[in-house]
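K.L.:
Chains as they are written, first to last, in our numbering: chain A, -18 to 113; chain B, -18 to 113.
Just so you know, the hints here were simulated from the structure itself, not pulled from any lab data.
Owing to the predicted nature of the structure, the values given are computational and were not obtained by experimental measurement.
Be careful, since some hints might not be right.
Unchecked claim - What follows is a set of in silico ranges between Cβ atoms, one per label pair, in the way DEER data are often shown:
id, chain 1, residue 1, chain 2, residue 2, range
1, A, Glu(-2), B, Gly19, 25 to 33 angstroms
2, B, Arg26, A, Ala84, 25 to 33 angstroms
3, A, Arg6, B, Ala84, 40 to 48 angstroms
4, B, Met(-18), A, Gln83, 17 to 25 angstroms
5, B, Gly81, A, Ala84, 35 to 43 angstroms
6, B, Arg78, A, Ser9, 37 to 45 angstroms
7, A, Pro(-3), B, Val23, 23 to 31 angstroms
8, A, Pro32, B, Arg16, 19 to 27 angstroms
Claimed, not checked - Take a look, some chain B residues computed to stay more than 12 angstroms from chain A by CB distance:
id, residue
9, Pro(-3)
10, Ser9
11, Leu10
12, Arg26
13, Glu53
14, Asp60
15, Thr73
16, Asp74
17, Phe75
Using N, Cα and C, we set each Cβ at its ideal position, and we do this for glycine too.
There are 2 protein chains.
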Amino acid sequence: MNYLGRHLILELTCCPEALLVDCPRIQSLMEAAARIMGATIVESRFHHFSPLGVSGVVIIMESHLTVHTWPEYGYAAVDIFTCGDIDLERGTDFLVREFGAQAVSIKSLDRGALEEKRDSDLPPQVAPESPV
Amino acid sequence: MNYLGRHLILELTCCPEALLVDCPRIQSLMEAAARIMGATIVESRFHHFSPLGVSGVVIIMESHLTVHTWPEYGYAAVDIFTCGDIDLERGTDFLVREFGAQAVSIKSLDRGALEEKRDSDLPPQVAPESPV
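The whole structure should be built from the sequences, with the hints applied where relevant.
P.N.:
In structure tokens, the structure reads:
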């Protein structure tokens, strides 16, 4: 089975609270992760919610990165959705390190299954002639 | 176990190609879904990529909705990430119907686990006095 996209779901926990409230720093890290992976940034939009927490998205030609932080719990939810030739591992390693996460869970999902042709979709094969 | 957020991952397939290239219509549908769920829209950003496909995000106070379309495959990848009191089912039903998806897969992920206190975290209990 082939897929159109790949989606990494990162649960970054035990991150320093000071980082998780720092909207400009988080925007900078998410954009850097996109560049490190080889993605092309279309635009990025980040918001600092009062009193706590940052939400942001980096739209890339190859889909998107998003982040939401809960500083009071030391938690950041990061999603990286990509298609094409993207070095996901480099971006993921960078974010885990720069967010200072002491515990990490990463799920990988394939998105957009391209069904392969089943045998029943193919024209009937002509049986080779049996040797006499 | 309690969680900070809930993340629905929708695979909408066999959608009409004419819709999946229509950036203003898709933006309108995604914003309507956010409102129907009871979410508060912070901003929404949508892009039509040449020659095909739409990418967009609706940032809501309660996290985000994203969409990426592959019209040539009749496929739309939709993510709905929310926290708080949001009627996910109404938003999901609306999008499945309005995208005209003939086949749908929906995954639900809990995000941001809040660990409950284990017995070992509690102070030791004093054993009740045994009856004489």
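K.L.:
So which of those numbered hints doesn't the model satisfy?
P.N.:
12, 13 and 14
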